[in-house]
Amino acid sequence: MSELAALPTWRDEEWRYADFTALEALAPEEFGKWKEIGLAPGETRAKCLVLDGSGPELHRVRLTVGEGARAELFAVNAGGDYTRLEVEVRLAKGAHFQFGGVTIGGGEATREFVTRTVHAEPEATSDQVVRAVHWGTATGNFLGRIDVARGAQQTDAAQDFKGLLLERGASANAKPELEIFADDVKCAHGAAIGQMDEMARYYMAARGIPPEVARKLLVRAFIADAFVALEDEAEQEKLLSAALDALGDVA
Amino acid sequence: MLQINNLHATVGGTPILNGLSLAVNAGEVHAIMGPNGAGKSTLAYVLGGRPGYEVTGGSVNFEGQDLLALEPHERAAAGLFLGFQYPVEIPGVSNVQFLREALNAQRKARGEEPLSGGDFLKLAREKAGLLRLDMEMLKRPVNVGFSGGEKKRAEMVQMGILDPQFTVLDETDSGLDIDALRIVGEGINTIMRRPDKGVLLITHYQRLLDYVRPDFVHVLSKGRIVKSGGPELALQLEEQGYEAVAA
Numbered sequence: 001m002s003e004l005a006a007l008p009t010w011r012d013e014e015w016r017y018a019d020f021t022a023l024e025a026l027a028p029e030e031f032g033k034w035k036e037i038g039l040a041p042g043e044t045r046a047k048c049l050v051l052d053g054s055g056p057e058l059h060r061v062r063l064t065v066g067e068g069a070r071a072e073l074f075a076v077n078a079g080g081d082y083t084r085l086e087v088e089v090r091l092a093k094g095a096h097f098q099f100g101g102v103t104i105g106g107g108e109a110t111r112e113f114v115t116r117t118v119h120a121e122p123e124a125t126s127d128q129v130v131r132a133v134h135w136g137t138a139t140g141n142f143l144g145r146i147d148v149a150r151g152a153q154q155t156d157a158a159q160d161f162k163g164l165l166l167e168r169g170a171s172a173n174a175k176p177e178l179e180i181f182a183d184d185v186k187c188a189h190g191a192a193i194g195q196m197d198e199m200a201r202y203y204m205a206a207r208g209i210p211p212e213v214a215r216k217l218l219v220r221a222f223i224a225d226a227f228v229a230l231e232d233e234a235e236q237e238k239l240l241s242a243a244l245d246a247l248g249d250v251a
Numbered sequence: 252m253l254q255i256n257n258l259h260a261t262v263g264g265t266p267i268l269n270g271l272s273l274a275v276n277a278g279e280v281h282a283i284m285g286p287n288g289a290g291k292s293t294l295a296y297v298l299g300g301r302p303g304y305e306v307t308g309g310s311v312n313f314e315g316q317d318l319l320a321l322e323p324h325e326r327a328a329a330g331l332f333l334g335f336q337y338p339v340e341i342p343g344v345s346n347v348q349f350l351r352e353a354l355n356a357q358r359k360a361r362g363e364e365p366l367s368g369g370d371f372l373k374l375a376r377e378k379a380g381l382l383r384l385d386m387e388m389l390k391r392p393v394n395v396g397f398s399g400g401e402k403k404r405a406e407m408v409q410m411g412i413l414d415p416q417f418t419v420l421d422e423t424d425s426g427l428d429i430d431a432l433r434i435v436g437e438g439i440n441t442i443m444r445r446p447d448k449g450v451l452l453i454t455h456y457q458r459l460l461d462y463v464r465p466d467f468v469h470v471l472s473k474g475r476i477v478k479s480g481g482p483e484l485a486l487q488l489e490e491q492g493y494e495a496v497a498a
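Just so you know, the sequences run in chain order A and B. Its first residue numbered 1, the first sequence is counted upward by one per residue in this note's numbering. Its first residue numbered 252, the second sequence is counted upward by one per residue in this note's numbering.
One or more of the hints may lead you astray.
[As the list claims (entries may be wrong)] In silico EDC-like cross-links for lysine to aspartate or glutamate, where the CA-CA straight-line distance does not exceed 20 Å: (1) B:Lys402 <-> A:Asp147; (2) A:Lys216 <-> B:Glu322; (3) A:Lys216 <-> B:Glu340; (4) A:Lys216 <-> B:Glu352; (5) A:Lys216 <-> B:Glu325; (6) A:Lys175 <-> A:Glu198; (7) B:Lys390 <-> A:Glu233.
Just so you know, these hints were derived from the structure itself, not from any lab. Since we're looking at a predicted model, the values are computed, not measured.
The whole structure should be built from the sequences, with the hints applied where relevant.
Spelled out as structure tokens, the structure:
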């Protein structure tokens with residue numbers, strides 16, 4: 001089946017915050033490309049991604065997670081232009097999907113994570129934590145759809161989004177979307193958007209910490225939640241520093 | 252050490268300090284007492300350079316420098332410590348990380364070598380012991396989940412680690428039970444009662460002064476010092492109230 005025909009438009013829910021001007025720069029075949037990854041029953045696999053290119057980027061991943069398997073995906077989205085990571089996950093019985101994402105950056109770019117998690121069978125769990133840190137007129141988005149199939153009882157799905165806007169003009173969008181066709185499930189989602197805690201910054205200054213160091217410490221603390229579930233501390237550190245490198249150009 | 256001359260300051264356009272003058276020499280402990288709204292906390296924040304506290308007149312000289320020309324973090328590096336009435340919670344940043352960054356930033360600003368992780372922990376353990384604060388608490392995020400008393404003791408541990416030349420303690424005694432008050436008082440004495448250091452204690456009550464005996468007591472009212480005296484003035488205030496003494 002060709003997916004070439006299905007070019008997105010702003011009417012498509014999962015594309016509603018996309019930057020279509022930037023998308024025009026992409027070749028039409030990009031839209032049909034999916035990276036397919038399958039996890040065998042009982043398998044555990046973790047993947048870390050840093051997206052920090054300068055042009056528009058579209059990454060689409062399809063994960064099929066076998067019974068009792070555990071898929072972990074952690075990503076820093078610090079692209080210089082429109083950058084989108086889209087993940088479709090299908091969870092078999094008792095499988096787990098862990099997602100940790102950080103969108104960070106200034107300028108005018110839109111950076112987004114779009115996930116669709118299908119709890120196809122009972123007892124699967126998913127946990128998604130996304131943090132967005134933006135300045136300039138940049139935008140960070142998290143569109144998270146969760147489908148709980150008929151009969152997928154004891155599903156436990158969670159989504160947690162927080163945005164930190166460092167300057168007036170920056171924005172963040174969170175759009176949870178839940179479709180539930182089973183009655184014994186837990187699906188939690190939360191979203192909050194705020195500013196830098198000025199009192200915390202002053203407290204740090206009062207102890208001798210210069211403003212740029214204070215900002216880095218506070219942003220680090222804010223985004224760290226997204227990578228807490230990543231066991232490999234060296235990888236965790238790599239993702240955090242990749243994200244904090246992007247902070248360098250804040251006014 | 253610290254000379255405040257005819258200081259005027261506003262908060263949100265409202266004048267709070269109205270010509271405050273005060274000089275603290277090295278080796279001295281001064282207490283500032285006064286009723287609610289007299290400008291005590293404003294004085295602390297103005298000295299600490301908190302944004303929103305605008306100086307509209309006067310000057311503050313600290314160790315030969317124009318204190319008001321320095322950024323808040325530069326004031327700390329110059330040797331000024333501000334003890335907060337309400338210590339701030341910083342989720343996600345541990346006390347150890349926070350204080351090591353702070354100490355090494357101050358050392359860097361003074362042209363000194365940074366302290367290694369091991370040496371820092373040794374120092375932190377010593378100061379935590381002085382204030383009888385469990386070292387485990389220093390591994391937790393800054394002030395998060397600390398009781399009122401623990402926050403104040405943690406502040407004194409911070410002061411011990413940063414080892415300032417001068418400290419302004421804004422109602423460090425509030426929220427403390429009797430035992431904690433004694434521990435904090437002894438901590439202040441051990442860390443700051445030195446011939447080369449100065450202390451400005453801001454307090455509502457006489458009780459902290461039982462432990463940290465001031466050399467001078469000043470009464471602040473309507474943004475200026477209306478009366479100064481020795482330790483006996485604090486006792487007189489406690490007996491007769493601010494209205495009678497400041498009138």
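So, going through the hints one by one against the coordinates:
1. B:Lys402 <-> A:Asp147: It is violated: about 45 Å lies between the C-alpha atoms, which goes past 20 Å.
2. A:Lys216 <-> B:Glu322: Measuring from Cα to Cα gives roughly 18 Å; hence the hint holds.
3. A:Lys216 <-> B:Glu340: It holds: about 17 Å lies between the C-alpha atoms, which stays within 20 Å.
4. A:Lys216 <-> B:Glu352: Holds, at about 11 Å.
5. A:Lys216 <-> B:Glu325: The hint holds at about 18 Å.
6. A:Lys175 <-> A:Glu198: violated, 28 Å
7. B:Lys390 <-> A:Glu233: Holds, because 18 Å separates the two Cα atoms, which is no more than 20 Å.
Taken one by one, the earlier hints fail for this structure at numbers 1 and 6, listed in ascending order.
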